Amino acid sequence: MSFEVPEDRNYLESHEWVAVNDGTGKIGITDFAQDELGDVVFVELPSEGDELEQEGNLGVVESIKAVSDLYSPVSGTVTAVNDELENTPELVNDDPFGDGWMLEVELDDESELDDLLSADEYREQIE
Amino acid sequence: MPLRKPPLRDRHDERGATFTEFGGWDMPVEFDSIKQEHESVRHSVGIFDVSHMGEIEVSGPDAERLMQRLTTNDVTQLSPGDSQYAMITDEDGVIIDDTVVYRLSEDDDAEFLFIPNAGHDEMMHDRWKRFRSEWDMDAEIRNATDDYAMYAVQGPDAADAVNEAADESVADLSKFEAMYASVAGVRCWVARTGYTGEDGFELILPSDEAETVWDAFDCQPCGLGARDTLRTEMGYLLSGQDFDYEDDPRNPYEAKVGFTVKLDTEFVGRDALERVKEEGVEETFVGFRLVDRGVPRHGYDITSTEDTIIGTVTSGTMSPTLSEPIGLGYVPTDYADPGTVIRVMVRGQSKKAKIESTPFLKDKQ
Numbered sequence: 001m002s003f004e005v006p007e008d009r010n011y012l013e014s015h016e017w018v019a020v021n022d023g024t025g026k027i028g029i030t031d032f033a034q035d036e037l038g039d040v041v042f043v044e045l046p047s048e049g050d051e052l053e054q055e056g057n058l059g060v061v062e063s064i065k066a067v068s069d070l071y072s073p074v075s076g077t078v079t080a081v082n083d084e085l086e087n088t089p090e091l092v093n094d095d096p097f098g099d100g101w102m103l104e105v106e107l108d109d110e111s112e113l114d115d116l117l118s119a120d121e122y123r124e125q126i127e
Numbered sequence: 001m002p003l004r005k006p007p008l009r010d011r012h013d014e015r016g017a018t019f020t021e022f023g024g025w026d027m028p029v030e031f032d033s034i035k036q037e038h039e040s041v042r043h044s045v046g047i048f049d050v051s052h053m054g055e056i057e058v059s060g061p062d063a064e065r066l067m068q069r070l071t072t073n074d075v076t077q078l079s080p081g082d083s084q085y086a087m088i089t090d091e092d093g094v095i096i097d098d099t100v101v102y103r104l105s106e107d108d109d110a111e112f113l114f115i116p117n118a119g120h121d122e123m124m125h126d127r128w129k130r131f132r133s134e135w136d137m138d139a140e141i142r143n144a145t146d147d148y149a150m151y152a153v154q155g156p157d158a159a160d161a162v163n164e165a166a167d168e169s170v171a172d173l174s175k176f177e178a179m180y181a182s183v184a185g186v187r188c189w190v191a192r193t194g195y196t197g198e199d200g201f202e203l204i205l206p207s208d209e210a211e212t213v214w215d216a217f218d219c220q221p222c223g224l225g226a227r228d229t230l231r232t233e234m235g236y237l238l239s240g241q242d243f244d245y246e247d248d249p250r251n252p253y254e255a256k257v258g259f260t261v262k263l264d265t266e267f268v269g270r271d272a273l274e275r276v277k278e279e280g281v282e283e284t285f286v287g288f289r290l291v292d293r294g295v296p297r298h299g300y301d302i303t304s305t306e307d308t309i310i311g312t313v314t315s316g317t318m319s320p321t322l323s324e325p326i327g328l329g330y331v332p333t334d335y336a337d338p339g340t341v342i343r344v345m346v347r348g349q350s351k352k353a354k355i356e357s358t359p360f361l362k363d364k365q
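In order, the protein sequences belong to chains A and B. Each residue of the first sequence is one higher than the last, beginning at 1 in UniProt numbering. Each residue of the second sequence is one higher than the last, beginning at 1 in UniProt numbering.
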């Protein structure tokens, strides 16, 4: 099975992605991760204004069969939360890199992106 | 110890199933999506490979007496082609396993067939042999688990699906009745039983014909994941989880399956259970619905509203039918009435929940 791994973002080994634009990063989980989890039924996320640390806890995603911790790919301040996930958590399954995004974060330090995996490196990890 | 494999393990793998270890077996947990499989069973029909279930055959002059004394229900009530749900209890009345007992056709080699849970077949085989010797009975006991595959065809359209696949009509079977029917030329024991709350059938068939019979059904394949969400919605017990002989011993009255206990028969555990029935139980099996957001899971603490631990979640899930988090567990009887507010510790956070009568799906039984 081949999974989508967009080139325009960076990845954590624990299967979160971040796409940075003008100092703001959008965060979600990968196609591979949503497939492993199965039907996502609940996502617990921090609130706007909360501070995140790179590789620190970001929240929890629950599928019917499993519960999984989420980790932040970057440090920063939460500027937006995808409220749609409260009522339609299945967006994470349907469109993990698009409508299934989870948070937007104002990055503390863009150089942290160097610590993350490129699309190629992440693809290698899940193959 | 290597995992035991159902006959179609490789077929399921090629079909894209994911697998889980269950009772020592390597079983498909999900073929497509648990939600999709669950909905197929609630709205149309799905087929489960449940070949991990055990099969023990009992025959001979004392077969009936042996079955009667080792299961809690009354096997003398069974005519050929009937089945009943029963518990297997120890001297203290504690559930060792739950099972379905079939009285087979008169032309069969064996008189009874019973179905222990996955991984319990050897234990039950030994138990039956041990008591046969102790009571000096004339009965043959055969562990036929490896000889049989078992499929469950479940859902409102299950009768049509089985009728279409079989040479004989199975539509006239009542609940818990069984008969032999030929499916794609294979003689199958077809019983109107199941574990989903839907109409449905369980087929027991020779394991070397597993592929032929599986291929006779053109419907959604379902894994243990959907089986678990379906049975949790019904409040049905899962052996090893909602009772566990070693880790969470329970008697049938606590587990709300007292209807399977026939105290006017003689069986191992009878006297203890008569006392339990007279004295009442301190804890009882309940269903609850989480009011706050979150998903209850096996092993989470149940607390009172004053944060005292009063029990443990034995099963829990987000109900695909209700889109609500539901769970099962044991609480003191004072907390068991529907509507009672309890709390469940979900990953360190106390969440409000309410006791609810089961089945959670009120129109099913």
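Keep in mind that the hints are not guaranteed to be accurate.
Covered by chain A, according to a simulated footprint, are these stretches of chain B (three or more residues, beta-carbon under 8 Å) [what the hints assert, rightly or not]:
(1) 27-33
(2) 288-299
(3) 316-322
Here are the simulated distance ranges between beta carbons [as the list claims (entries may be wrong)]:
(4) A:E90 x B:K364: 19 to 29 Å
(5) A:N87 x B:S44: 23 to 33 Å
(6) B:R15 x A:A66: 15 to 25 Å
(7) A:E51 x B:K175: 52 to 62 Å
(8) B:E246 x A:E106: 19 to 29 Å
(9) B:T20 x A:D50: 28 to 38 Å
(10) A:E51 x B:D160: 54 to 64 Å
Which chain A residues face chain B? A few, computed with CB under 7 Å, are given here [what the hints assert, rightly or not]:
(11) K26
(12) D35
(13) V41
(14) L45
(15) A66
(16) D69
(17) Y71
Keep in mind that the hints were calculated from the coordinates and are not lab data. Fair warning: this is a prediction, and the values are worked out from it, not measured in the lab. All residues carry an ideal CB built from backbone N, CA and C; glycine is no exception.
We went through each hint and held it up to the structure:
With 3 residues bearing a CB less than 8 Å from a CB of chain A, the stretch 27-33 of chain B meets the requirement of three and the coverage assertion stands. Counting residues of the stretch 288-299 of chain B whose beta-carbon sits less than 8 Å from any beta-carbon of chain A gives 4, enough to reach three: the coverage restraint holds. Check result for the stretch 316-322 of chain B against chain A: holds, 3 residues qualifying (beta carbon to beta carbon below 8 Å, three or more required). About 24 Å separates the C-beta atoms of E90 (chain A) and K364 (chain B), a value consistent with the hinted range of 19 to 29 Å.
Taking the beta carbon of each, N87 (chain A) and S44 (chain B) are about 26 Å apart, inside 23 to 33 Å as hinted. As the Cβ distance of R15 (chain B) to A66 (chain A) is approximately 21 Å, the hint placing it in 15 to 25 Å holds. The given range of 52 to 62 Å is respected by E51 (chain A) and K175 (chain B), whose C-beta atoms sit roughly 59 Å from each other. Range check, E246 (chain B) to E106 (chain A): about 52 Å between beta-carbon atoms, so the 19 to 29 Å window is missed.
Distance hint check: the CB atoms of T20 (chain B) and D50 (chain A) are about 35 Å apart, consistent with the given range 28 to 38 Å. A beta carbon spacing of about 58 Å between E51 (chain A) and D160 (chain B) agrees with the range 54 to 64 Å that was offered as a hint. Interface hint at K26 (chain A): violated, since its Cβ lies 24 Å from the closest Cβ of chain B, which is beyond the 7 Å cut-off. Given hint, D35 (chain A) at the interface with chain B, is violated; its Cβ is 9 Å from that chain's nearest Cβ, farther than 7 Å.
About 4 Å separates the beta-carbon of V41 (chain A) from the nearest beta-carbon of chain B, less than 7 Å, and the hint is met. For L45 (chain A), the shortest C-beta to C-beta distance to chain B is roughly 12 Å, which exceeds 7 Å, and the interface hint is violated. The interface hint given for A66 (chain A) is broken, as the beta carbon of that residue sits about 9 Å from the closest beta carbon of chain B, more than 7 Å. At a threshold of 7 Å, the smallest CB-CB gap from D69 (chain A) to chain B is about 9 Å, leaving the interface hint violated.
Restraint check, Y71 (chain A) versus chain B: the minimum CB separation of about 15 Å is more than 7 Å; hint violated.
The structure does not agree with the numbered hints 8, 11, 12, 14, 15, 16, 17 stated previously, though it agrees with the rest.
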